[in-house]
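Trainee: Residues per chain, in single letters:
Number of protein chains: 2
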Amino acid sequence: MKTKDHILAASLTLMNEEGETSVSSVDIANYLDISPGNLYYHFKGKDEIIPALFDLFEQEMQIILRSSPQDLTSIEDQWIVSYIVLEEIWDFRFFYRNLDGILSKYPILIPRFKRLLMAKRRTIHENIDQLVRLGVLRIENLLKDNLVEQILLIYTYWLNLRHLEDNSVSAKTAIHQSVFQIMTLCVPYMGKNGHAALKGMKRLLHANTVTK
Amino acid sequence: MKTKDHILAASLTLMNEEGETSVSSVDIANYLDISPGNLYYHFKGKDEIIPALFDLFEQEMQIILRSSPQDLTSIEDQWIVSYIVLEEIWDFRFFYRNLDGILSKYPILIPRFKRLLMAKRRTIHENIDQLVRLGVLRIENLLKDNLVEQILLIYTYWLNLRHLEDNSVSAKTAIHQSVFQIMTLCVPYMGKNGHAALKGMKRLLHANTVTK
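Protein sequences appear in the order of chains F and Z. So that you can map any letter, position 21 of the first sequence is 515 in our numbering, and since no number is skipped, the others follow by simple counting. So that you can map any letter, position 123 of the second sequence is 617 in our numbering, and since no number is skipped, the others follow by simple counting.
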């Protein structure tokens, strides 16, 4: 790992833990035990670090979202797909915690964040369509659009809501609760399989959140 | 209206339009055409203005949330209740746009915001229970809890998501879209009335958002 990567990894850790506004470039240098001058050689302060972190997030998220909806063969696969998306968001949660603040300080990121939002919406749509094709879900178009929007809302803000109510919640618990929330939105459209699926989802949630 | 009230009203307008971080107490004084000294006589800067605005929001929201669930007699009433809550949030939207930032700058507001969140959850729960008692909704308990959480998520973050995607969206459109989202979540639990109700909701949305 090069110094540049160390700086990015340290910045991410600190900002996720303390919030973007509470972390200065001097804090990051101190954390790594390097001089501010050395840090400055790689990044001209936070103004360059934040966009570099966004680059990383964007790259990783695009790879995740590019996976083919054809890979979905059951409702359980939807659980896994949601988990992966939310885990990625958790890894860069400082962006989401202060979305408005960061986007107004770094307006260059606004169109890129919007594109990512659109890519997420498209992927959710394709996955739901795939579940409809498989006969797993049965849903009319208008309600489908709304279901997609609700899942997008969960992806974007659920972790924030959890954090607001309990700032010591573990990653595992928070992410599984979000996924469970997404899955329960699908239950009414699963017909007579819905009830059994819900019980399975609840067991899965319990197994993953009861021991911390 | 006293100077104190004028200051609060001006602060609210400016912060809603430009975001809390972009507005200084000098901006507020300029907007009102009073001297910073005069403003300082009433409020010792933003540190006193923000909590005073939160007082207002909290009072108004508590009155709204205190309305009895017994007043709900149909699914249409749920539309109206949601509309009133979201309109109130819209009026104080600067809090929600930068929730994390404001709460970390004014930690005194954290427990109060959490209490408000709990009061919202309780009211949503009571209203859903009332619709179940009326026979309007039929939903199993576990899914009911998730429905409540999803409505709470919409109340808290939907307007932010809309703003992110289109920062020129009108209050009327944004609020009606949010309410529509809430209502569609109820449709699967309305049995055979669901389809007709959805069509009615769609008409209502269209009538309220097509002309701006």
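Just so you know, these hints were derived from the structure itself, not from any lab. Any given hint might turn out to be false.
When chains are identical, the list treats them as one kind, so a pair holds in a single copy or across two.
[What the hints assert, rightly or not] Subject to a maximum C-alpha distance of 27 angstroms in a straight line, what follows is the list of computed DSS-like cross-link-like pairs (lysine-lysine):
| no. | residue 1 | residue 2 |
| --- | --- | --- |
| 1 | Lys614 | Lys599 |
| 2 | Lys638 | Lys686 |
| 3 | Lys496 | Lys614 |
| 4 | Lys496 | Lys693 |
| 5 | Lys696 | Lys614 |
| 6 | Lys638 | Lys608 |
| 7 | Lys599 | Lys693 |
| 8 | Lys608 | Lys693 |
| 9 | Lys666 | Lys496 |
| 10 | Lys666 | Lys686 |
| 11 | Lys538 | Lys696 |
| 12 | Lys498 | Lys540 |
| 13 | Lys498 | Lys693 |
| 14 | Lys540 | Lys599 |
| 15 | Lys496 | Lys696 |
| 16 | Lys540 | Lys638 |
| 17 | Lys666 | Lys538 |
| 18 | Lys608 | Lys496 |
| 19 | Lys540 | Lys693 |
| 20 | Lys496 | Lys686 |
| 21 | Lys638 | Lys498 |
| 22 | Lys538 | Lys608 |
| 23 | Lys666 | Lys696 |
| 24 | Lys638 | Lys496 |
| 25 | Lys538 | Lys614 |
| 26 | Lys538 | Lys498 |
| 27 | Lys540 | Lys666 |
| 28 | Lys540 | Lys608 |
| 29 | Lys638 | Lys693 |
Please read all numbers here as calculations on a predicted model, not as lab measurements.
Trainee: Identify every previously stated hint that the structure contradicts and give their numbers, smallest first.
Mentor: 3, 4, 7, 8, 9, 10, 11, 13, 15, 16, 17, 18, 19, 20, 21, 24, 25 and 27
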